[in-house]
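Put chains B, C, D, E and F on the given structure of chain A with help from the hints.
Protein chains in written order, with this note's numbering: chain A, 1 to 283; chain B, 1 to 283; chain C, 1 to 283; chain D, 1 to 283; chain E, 1 to 283; chain F, 1 to 283.
It does not matter which identical chain is meant; a pair holds if it fits inside one copy or across any two.
The calculated EDC-like cross-link candidates involving lysine to aspartate or glutamate, where the alpha carbons are at most 20 angstroms apart (straight line), are: (1) Lys283 - Asp204; (2) Lys4 - Glu91; (3) Lys4 - Asp99; (4) Lys122 - Asp87; (5) Lys4 - Glu95; (6) Lys4 - Glu16; (7) Lys189 - Asp233.
Hints listed in this document are in silico derivations from the structure and should not be mistaken for laboratory results.
Protein chains: 6
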Amino acid sequence: MSIKKYNACFLGCESEYEDADIVIFGAPFDSTTSFRPGTRFASKVMRSESFGVETYSLYQDKDLEDINVFDGGDLELIFGDPAIALDQIEEFASEVLSDNKMPFLIGGEHLVTLGTVRAVAKKYENLHIIHFDAHADLRADYLGQELSHACVMRRCWEIIGDNKIFQFGIRSGERQEFTWGKDHVYTNKFNLDHLDEVIDKLKDVPVYITIDLDILDPSIFPGTGTPEAGGIDFNTLLGGILKFTKLNNIVGMDINELSPSYDTSGVSTAVACKVLREMLLVK
Amino acid sequence: MSIKKYNACFLGCESEYEDADIVIFGAPFDSTTSFRPGTRFASKVMRSESFGVETYSLYQDKDLEDINVFDGGDLELIFGDPAIALDQIEEFASEVLSDNKMPFLIGGEHLVTLGTVRAVAKKYENLHIIHFDAHADLRADYLGQELSHACVMRRCWEIIGDNKIFQFGIRSGERQEFTWGKDHVYTNKFNLDHLDEVIDKLKDVPVYITIDLDILDPSIFPGTGTPEAGGIDFNTLLGGILKFTKLNNIVGMDINELSPSYDTSGVSTAVACKVLREMLLVK
Amino acid sequence: MSIKKYNACFLGCESEYEDADIVIFGAPFDSTTSFRPGTRFASKVMRSESFGVETYSLYQDKDLEDINVFDGGDLELIFGDPAIALDQIEEFASEVLSDNKMPFLIGGEHLVTLGTVRAVAKKYENLHIIHFDAHADLRADYLGQELSHACVMRRCWEIIGDNKIFQFGIRSGERQEFTWGKDHVYTNKFNLDHLDEVIDKLKDVPVYITIDLDILDPSIFPGTGTPEAGGIDFNTLLGGILKFTKLNNIVGMDINELSPSYDTSGVSTAVACKVLREMLLVK
Amino acid sequence: MSIKKYNACFLGCESEYEDADIVIFGAPFDSTTSFRPGTRFASKVMRSESFGVETYSLYQDKDLEDINVFDGGDLELIFGDPAIALDQIEEFASEVLSDNKMPFLIGGEHLVTLGTVRAVAKKYENLHIIHFDAHADLRADYLGQELSHACVMRRCWEIIGDNKIFQFGIRSGERQEFTWGKDHVYTNKFNLDHLDEVIDKLKDVPVYITIDLDILDPSIFPGTGTPEAGGIDFNTLLGGILKFTKLNNIVGMDINELSPSYDTSGVSTAVACKVLREMLLVK
Amino acid sequence: MSIKKYNACFLGCESEYEDADIVIFGAPFDSTTSFRPGTRFASKVMRSESFGVETYSLYQDKDLEDINVFDGGDLELIFGDPAIALDQIEEFASEVLSDNKMPFLIGGEHLVTLGTVRAVAKKYENLHIIHFDAHADLRADYLGQELSHACVMRRCWEIIGDNKIFQFGIRSGERQEFTWGKDHVYTNKFNLDHLDEVIDKLKDVPVYITIDLDILDPSIFPGTGTPEAGGIDFNTLLGGILKFTKLNNIVGMDINELSPSYDTSGVSTAVACKVLREMLLVK
Amino acid sequence: MSIKKYNACFLGCESEYEDADIVIFGAPFDSTTSFRPGTRFASKVMRSESFGVETYSLYQDKDLEDINVFDGGDLELIFGDPAIALDQIEEFASEVLSDNKMPFLIGGEHLVTLGTVRAVAKKYENLHIIHFDAHADLRADYLGQELSHACVMRRCWEIIGDNKIFQFGIRSGERQEFTWGKDHVYTNKFNLDHLDEVIDKLKDVPVYITIDLDILDPSIFPGTGTPEAGGIDFNTLLGGILKFTKLNNIVGMDINELSPSYDTSGVSTAVACKVLREMLLVK
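Excised from the complex, chain A in its bound form (with noise of 0.2 angstroms):
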């Protein structure tokens, strides 16, 4: 026996960070969540259930322990000052990428993916982003606040621009966001129906994909601040990622709005770590 120095890390992404192709990053914030917090708790909470899932995956007879991915462990955020925790992300993200290697957030609430955007599109000229979510995202601002989570589907298009999002799954927000919505992305109501087309045109150019969990039916994801009823089921979203399998060109990859302590059950954070697992498994 030989006694080693604890190690916590999600399952089987124990690569050294130099040999790795896959960063794995947790942003524990929640601080603009309007209704009901405690996504901070997301990825430690993946980390320490990740042991009840398997590393191979039947759907895409892959296995974890084939690829390589370093965790690299939980930022330590601000809270209460979102301006500053996105820099804290986007930083960690842009020594990834200057790494040449593919960043993957764990949220927190929706906002975190907006630190990683900033460093992705950087990099990356002519970004699109697919977007699957119950919520559109789309406001200016959220009782003043722009640095929202429910705004920040529009701060990544003040990036991007317009015809770069691509929507799917939402099925909740305010008429205006729509009414805005309709000139500047992509909106696929309330399910994946179309996701086809848009891959196949989007399969050479750079994308990012940010997966609000919430797009999930909350029987299956109870586990998250804003349940909405009416989503998708488990298999369908999970065959709407394997379809990324063709998507040539993935440049970052987030999943986000899991808040563990509202499903006592664990099903929700089970249900993160086996979508977190075919998303690492597809790239």
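Quick look at chains B, C, D, E and F alone, frame taken from chain A:
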């Protein structure tokens, strides 16, 4: 700033009584619940959690802010005496009806429907009822108690007569309920399959709609007293509700059987709020 | 009134032993559970909650009161010694079988199936097993432990041999389980698609049915040790069970892996009770 | 091995009726509970969890296996009609008393005490009651309902008269309850301070003991309908119970107001089981 | 019957603004919470659950119905920007003070106290603060953030100066907080031992009272973000509050740090309601 | 910024192995738990939640950052085979001891203590044990199983002999345990009353300290398998721990029986973390 009295009505239901077309009110009563009580808290918790829902419906492209709903709060009902509680509900609904507004009752156990139906049936001849539920609720009595949630549709039948009640989604009951029911009510088992035909038939008569939320599968609605697997999913229920727009004479509505404390994730309450929003917008 | 001894058997299973065709009994054992224990409480909690279910099945138009089931209670098993526990289960099942009654085991973790299968295989030559599960359970050993829930179907295979085990719904496992399994068992991944053909093939041979309830999607069955998203829904499982009526020689049954305390809503327990009722009525 | 019918009585209460000195029975009734219902599940859950308690008491150096207690199970009570439920309780208790056994009732809400007290008062003249509770329960009526948990001691007083009820631990009520109470009952506020004197005074008269478990501080007993901070701790309650050994004529006992589902940790149920054990051993 | 608008103010706080001596209001803010958020729901849930508490206090023999309290509801605060939130709180409290009423703030995280203290300190010279808490809250900054719950008493000290803050119950903090604190504030560690002397000293100066409810032991108050074992029990806290009657010039009060969703039993909320009642009656 | 590998050791236990004086390690084992399992998660959850605790102790005026503790992570133990699990624990502890560091074990069920005691007893002659617990754990066997949590102190006694074990806080067990114990171990029932004398007596001999956290009252520590009311409060336990500073030769320590999922408030885990901190600082 001007300091105003605390108000915590259901989201977007802020009309004055005089201006209102619909009056929502709660009947926090569950004294005859035979398995797991707790529906008494439904209306209170729904108001409190409704601010997690949007006023705008992407499904109907309508907004609660465009219609006129008054929130009459909760009746103060006596626990342990269903006869008196039903009188109180009937009295309130009658006053609403006499002011030419539509009563919208939030239960409570399903028995409370009887109070509103009594009031509505006095005003409207030829009343029909559309009944969504997992349970037939057609018993003559339950352990000798005639004013029981398990008998509520039988009691309604005594008021409005044969072939006026149309049940959907029913998947549980005693054998005798179905034997009796065959001659007196229309029962569409398990799902909403023949709803179109029924709505077509009822489109010009006075219709009361009662939705026992346990028609939903407990995967999406675990917060109820008697969870009964095999129910419809949220989008199916929503599809059913949207069809009510074809009814020209809806004279009363209720939703019931949310028991929020059994679902610590809050999803069931969020579902009930969304159902309420869609039903209000349908009218 | 006449005062009788307390009796709390499963709903509608009140036959005397002599009169019974089926004997249900609990095996409260979870010592080898590798992730989240708690299935030891399943049978106890199911009895306690079964009074929330009807004895009548609208799906089969049959009633538990019309069949003869004896509830033998729970075995008193030693925690921490699977070999002895399995012996106790085998002994009990053997006695039931020698009295020409069918044993119906309520787990516990899936390992307990091995005890009943040993007993059944001694009595019935050419035994086949229909296995519903999320997990293949085909490992040679788990961290060196051969008597583990993760190995239970491998142990059963050692008893009954090649091409006798028919798995459905499998969506998780190690790569090696599937590699090995290809040559020894029939595995229908993800769903029940080819169940009809299998039932047709097995309709006259002795069949043991083991249902790991985690074949269900965790949306409807969160109360289990290793929730695995992407499972079948309740109506699909029910449809599968109803097909068992075509089997002419069912010689034993079990359900397992309910871990009630992970689901504070009680839905998982209600689901397990309903599955038990339908399986009892199928026989 | 010999297969026996399932039995799940309270730990160590396995006497036959004929041999028993004490008969425990449950009254699963909570229809008049004004705040949070759920005490109907207390007796069921206590039986189920009692196997986590030892039969031996280190406090009294006595063992349940040395005394004779019969578990009569739960009465099947009608929800929503307290008058009938009380009649059923009274009838059962009367039969027990006529067989010269002591009834020990497990509530349910506190109202159920009235049923047993009626039976006991018919048999024993000069009945006194020792009442442990957080609440005075002395209202004339509650929203017009006279058969309410909040009125139960007032109803008992109507049967046994002035200066026969001795309350301890009371820390909540309406002002009028205390104004009225001053002339009719003995109330020891907040704690058990004068219990010795009262026991000394009552040691040779017939005494009925009713313990509303919410006399305990909610830190140790959160599983109750109306948690009221500032109660006594467990050891103080236990000390009080041990003093009952000085009473020479205990003629009936009850404990009530456990509402197990409000305490997912199971502690409240474990506390109730331990209190029950100590009370049984005191007699 | 006359139909009135829904009102759901805190129990017994139904005065009109003009008549009120005390104005309670909620500050649902927790953006700087560093461990477990959720205090934003405290005021909402307290109102909803307050009907489980009596208006009458047996401890003080006073009734909420005899005093005049107005419930101003909850401020609508921006999440993620503590500076603006504090301005909003200060503005509201200032208006209350300018109308010669006492503000009573319900947090929210402890940072909200700073808003009210700013308003009160502008009106009253020589302001003193009595501070009940488990944590010293004296940091200069927390990860660079100066407007943090962990710094709130340091920020208050910057306004009112040395030897004006009297802390009780403190049992946690960084070493530096205590080193710094020794020269600037009075700290009574662990308990309320010297409260009498402090109250005697402050009886004629303007005093603001802030109670972080985590001064209570988590056994009785688990529903808080950072549970810290070793706190005082409820009766000790109550005893402390009753001593405030000797203060002749209480100019503001608050309670904070209830995070209701961490305590599914509801006890923590019931405790907070009872503390609020007793504090209102003390004034 | 420099990207480092994820590390999630217990708060403030970040020494390298070579520099450490104390080595903490987890034994996630609960296979013999007879009532409610779940202690296997204790060490994992404690690490994850430890960041809610301060490194500084106001009680001892010491800081974890001033001592040298290495976190060796969790052993990978086989479920369902206590003999092998104990060997693995013994092997690890032996290696730590041979490097002249003190092992500090985090259970797991109490049986794991046996592994460390075996290792310690091999190195230190005349070993004594101080044992804090609610339960005597002195059975010869439990349902035939000798390697059971209920027998652990009996097994330790077999190693170190008569009058070497000093038990405190014991309030539950079978009668035989106490009869046997009288002649072989010192048992201080219910509390820590004679701890001073024992510590005085043991101050120069090698002492192993094992704390079953269920010595605490379940009001403050509900998250355990067998809650046993009537325990000591946190400050009493803390007082006891502080007395260990007088022991000159502590050679091993453990805490055990935290079962975090039974306490959704997180308080039990926070308590365990605080106890661990104070014990580490005592050494």
